[in-house]
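Chains as they are written, first to last, in the numbering used here: chain A, 225 to 743; chain B, 246 to 565; chain C, 4 to 348.
Hint data in this document are derived by calculation from the structure and do not stem from the laboratory. Be careful, since some hints might not be right.
To be verified - No more than 30 Å apart at the CA atoms, straight line, and that leaves these computed lysine-lysine pairs for DSS-like:
| no. | chain 1 | residue 1 | chain 2 | residue 2 |
| --- | --- | --- | --- | --- |
| 1 | A | Lys573 | B | Lys258 |
| 2 | A | Lys544 | A | Lys620 |
| 3 | A | Lys544 | A | Lys627 |
| 4 | A | Lys671 | A | Lys620 |
| 5 | A | Lys620 | A | Lys573 |
| 6 | B | Lys258 | A | Lys627 |
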Amino acid sequence: MAPPAEVLAVRGLSKTFPGVRALDDVDLTLHPGEVHALIGENGAGKSTLIKVLTGVYRPDAGDIVFQGRAVSFATPLEAQKAGISTIYQEVNLIPLLSVARNLFLGREPRNRFGLLDFARMNREAEEALGAHGVRVDVRRPLRTLGVGAQQMVALARAVASEARIVIMDEPTSSLEPREVETLFSVIRRLRDDGIAVVYVSHRLDELYAVCDTVTVLRDGRRVHHGRLADLDRLSLVSTMLGRELGEVRKEGLTKFTGEHHATGSGPVLEARGLSAPHKLHDVSVSIRPGEVVGLGGLLGSGRTETAKAISGALPTSSGKVTVAGVPLRAGSTPAAIRAGISLLPEDRKSEGIVPGLSVRENISLAVLPRLSRFGLVSEARVDSIVDTFVERLRIKASSPQQKVGELSGGNQQKVLLARWLAMNPKVLLLDEPTRGIDVGAKAEVQKLVDELAADGLGVLLISSDLEELIEGSDRVVVLKDGAVVGELNGDEVTEDKLMRTIAGHAPERDAVGEAATDG
Amino acid sequence: MAEAALRTVPLDKARILHWLQTYGVYAGVALLLVVNVVITPHFLSAENFRTQAVQVAPVIIVALGMALVIGTEGVDLSVGAVMALAASVTALYLGYGLLPALLVVALFAAGVGLANGALVAFVGVQPIVATLALMVGGRGVALVLLPQLEDLRNPSLASLGSGDVLGVPYLILIAAGLALLVAFVVRRTTFGRQLLAIGDSRPAAQLAGLPVRRVLIVVYVVCALLAAVAGVLATARLQASDPTSLGNLMELSAITAVVVGGTPLTGGRVNIAGTVAGAVLIQLLTATLIKHDLPPSWTQIAQAIVIVCAVYAARGRGKR
Amino acid sequence: MTATKTDAPVAPAGRGKQPAAGEPAGPARSERVSALVQQHGALAVLVVVSLVASFSFDSFATGDNVGNMATSSAFLAIVALGMTFVIITGGIDLSVGSLFALGGVLAAWGSRHGTLVALLLPLVVCGAVGVVNGLLVARSRLAPFIVTLAAMLGARGLMLALTDEGAETYLIGKGSFLAELGQGTTFGLGNPVWITLALFAAGAVVLRRTRFGQHVYAVGGNEDAAALMGAPVARTKILVYTLSGVLAGLAGALNAAWLASGVTILGNGMELEAISAVVIGGTLLTGGLGHVSGSLVGVLLLKVIQNVINQIGSLDSSYQQVVSGAFLAVVVVAQTWLGRRRQLM
Chain A
225 MAPPAEVLAV RGLSKTFPGV RALDDVDLTL HPGEVHALIG ENGAGKSTLI KVLTGVYRPD
285 AGDIVFQGRA VSFATPLEAQ KAGISTIYQE VNLIPLLSVA RNLFLGREPR NRFGLLDFAR
345 MNREAEEALG AHGVRVDVRR PLRTLGVGAQ QMVALARAVA SEARIVIMDE PTSSLEPREV
405 ETLFSVIRRL RDDGIAVVYV SHRLDELYAV CDTVTVLRDG RRVHHGRLAD LDRLSLVSTM
465 LGRELGEVRK EGLTKFTGEH HATGSGPVLE ARGLSAPHKL HDVSVSIRPG EVVGLGGLLG
525 SGRTETAKAI SGALPTSSGK VTVAGVPLRA GSTPAAIRAG ISLLPEDRKS EGIVPGLSVR
585 ENISLAVLPR LSRFGLVSEA RVDSIVDTFV ERLRIKASSP QQKVGELSGG NQQKVLLARW
645 LAMNPKVLLL DEPTRGIDVG AKAEVQKLVD ELAADGLGVL LISSDLEELI EGSDRVVVLK
705 DGAVVGELNG DEVTEDKLMR TIAGHAPERD AVGEAATDG
Chain B
246 MAEAALRTVP LDKARILHWL QTYGVYAGVA LLLVVNVVIT PHFLSAENFR TQAVQVAPVI
306 IVALGMALVI GTEGVDLSVG AVMALAASVT ALYLGYGLLP ALLVVALFAA GVGLANGALV
366 AFVGVQPIVA TLALMVGGRG VALVLLPQLE DLRNPSLASL GSGDVLGVPY LILIAAGLAL
426 LVAFVVRRTT FGRQLLAIGD SRPAAQLAGL PVRRVLIVVY VVCALLAAVA GVLATARLQA
486 SDPTSLGNLM ELSAITAVVV GGTPLTGGRV NIAGTVAGAV LIQLLTATLI KHDLPPSWTQ
546 IAQAIVIVCA VYAARGRGKR
Chain C
4 MTATKTDAPV APAGRGKQPA AGEPAGPARS ERVSALVQQH GALAVLVVVS LVASFSFDSF
64 ATGDNVGNMA TSSAFLAIVA LGMTFVIITG GIDLSVGSLF ALGGVLAAWG SRHGTLVALL
124 LPLVVCGAVG VVNGLLVARS RLAPFIVTLA AMLGARGLML ALTDEGAETY LIGKGSFLAE
184 LGQGTTFGLG NPVWITLALF AAGAVVLRRT RFGQHVYAVG GNEDAAALMG APVARTKILV
244 YTLSGVLAGL AGALNAAWLA SGVTILGNGM ELEAISAVVI GGTLLTGGLG HVSGSLVGVL
304 LLKVIQNVIN QIGSLDSSYQ QVVSGAFLAV VVVAQTWLGR RRQLM
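Using the sequences and the accompanying hints, generate a full structural model.
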């Protein structure tokens, strides 16, 4: 029988979406005053679990027992009213409204005429925030506050609604170190008040600083749970990634041949000192023709931002990019494309494919101006290019006229690859090229990357699949919290070294480090 | 067994809905034609067809431009004002000849389109407000240039408005020609493809290096030019320039035709044939009601119902 | 709205976009400046233009002229009041012009059956249209633009049907309470003006000091967050469209009282005038920000411009439209630029 002190007991929770088991028989237990870390890589099931707990999804199987009673929330509002509050990575409040109004939305104090009592509202807001160590003018619009303060407001609101559980989803991703400290002191106070906290984050240092217990999810299953103090960082990382220490798989599950094709000539792409507030801190990467450079790091380490900064899609506050020795105008996607840079974005669905257009139209989208004469599309040339790539990449569609939105993930990815290959790029930036696609397509894409490198293309490879990253890259640049913390060359490119570099780096954010290859 | 039956039921409903969305407007036109053949005397006469076609031609032309704009997820409320502007400018410059007058009209219209496009693409103003401002200002300029109705006596203009080729009025030929041209542009030109991509997913279009701003500006300029053509033709038919009332509520008719014709307001798809059919549908509906002595008020109410049904049915097809 | 969120064109504003963290003092100062400009810019312009006009034209600052301007702008103002609520929730109501005309006709027709009917009938019928608008927008999730467009056509059709296709103009009896309401004066100012002021005062209180008002701002500011925070999004939307309908009907009824008849050709383009006034007054079309006082200023500004152009005499009255259009464009551009700067701060 469950100990009476539990505030939340989740048993056997499962949730399946078409084609993927997001949660598979997951258990979770929370006690009052417990700060519980919930971690896992992308696709591990963290966000699904939270969505089930907060009433966004209904589970397919399993029970949730909250404060001794079985519950099933139909909407987020119900969960909130029951006592489970959530603060999200992106502050989910009303930016244009004042701080006090945000805090009290839905429960504003009224005077005897039934009208809002602003004086009381402002006063109580100040008190509530003051208790969290935040002193701001509560009459100002929320968005004039720094993000840290905004998160505090969200937190104060969550707590004020008499929550027994507060879920924090990546709460520090945009916070300054000072604000993070404030957040931690609030969490400690919550703990003292007997409120349970579920803390979702990738930042290992934070987890160790404030959490008591941990649950690790991988591929929808709970693979570890227990006291955080009993688990050292390296073990934590290896559990998250599913790699046994020291295990070296020579045969590998990837199709990378392991050959290196980098020529001795100068780099085809050189990015120096890329910085963007809160996202990148002085990141530098260089790629030689034929070389595959991997960007390693946990989620949120700045890999996607680096790729976008290089291709002009992310505005940078400083930094320089040169392609084949020619400097590139910053912040302009067309300029980058003209220079020979092609980016395969991480978010295939909203930034990659144009779902309503056909396979043919998607593939020819970027190269269209080159295939047209006087603005008229030369259908023959389009057909020829489309057929070439459909064959070479083995794109499976009922016909080139089929709408891309209807294809499988793997084929959509191939369509995107075709789009960029049709441009004959010098540098290919691949952000999670095999995420969410079936095994067969994965293998094909990996083989293709090898071929492209052999042809002399420079490739930047971002992948959360460690094997793919290790076996596909000639060199790996390791990022953490938006800065470069190490670089692995040649023989150093192993899972072991990579994990140590990720896990072992010191918590200072501004230390663009020496490669910490020894953890 | 019961499970299989249950599964086929929603499938049929989905299929019916899908069919309605794609072909509903044509079915509506066909239905109205049949109904009219039965109950309206002299419906099947060349005279009648010609009258109907001439009345619907300007709406079709304006709706073509509106369809392009809506394809980019925008809207253009200034088309009626541009029609009025075209009428005024025509009256003022007709003295120099029809061709010079038309050139000046084109200049004015392009100016309006440029303003709309610049506001939307460069400043980032919402299309509804940007084109609203141009609508108010545009009609004002039209009225300033020509405060009241003026009869126009110009043989070229007259023949444009009332002349015909083999019995088919110029108006209809021009409308048909433009419809084919616009359909061609949408399907076969780089510009057309880029327009659809931008309307379907602007982030994807941007990352693919498409000239988003340029395309948007061109779209609004084209829309204004088409509205100007409609304005000139309407003026030619009236043989009078009437900026006070020309183009009144035309933006609504155009939007109705586009929406009823199956082009989604969320952008990414442009159905030219449907737009034409939509305009014809509304025209037939109005004509049917009028021919049977039903008051104009019924027409408006009927239009309102048709719009709501069309949008309601198109709901499921949106991007989200 | 067409294509944004849910529905409208791609707006530059990003929900939940954070300003750069830094010393709060910096962003706050320029934030305050731009907020001031946004809110009171129209008022400043109104004051300046009025002052210049009083000095330039003898007949501008007379009691008669001012009184006339005030009374004639009262009706648009009442419509703009309702529009303000709708726009703050991020929506739009194109049907108010038709509802205005419909309200006038219903009031005139109803005056035969007594003042109560004359006043209640427009409110009930136009309110009902508003409810339908609200339901289609909130529950069926159709774009407000299209829904209210259809309502505009339908309401006008209804009005035409009631007046024998616009031929019949019902008259309001002289000396009836209704006529007195519309044409009489109290303490020198026309009654409609007092009614307008009272409505605006009430509207301001409702918007700023009731929970409903907070919900209106919340829904417009960030609809998803508002839902998560427990605000009754659907109900709020339905209420604002109903309110807009009722106020448009009331404005029409008062206008009919003023004219002593239910004129059927009115209201054309009024919705766009109302939107212009609201936007000029500082309310964001994307929702979440705005004040009723701004809309009042916007209406007055439009009227003053109209009046000034009339005073000039030699200028055609269509210049009004040109100036109004230009004004709207300038205001919106300024709003967007200020808004973008705030995003990047």
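* Compare the structure with the hints numbered earlier in the document and write down the numbers of the violated ones, lowest to highest. => Numbers 2, 3, in rising order.
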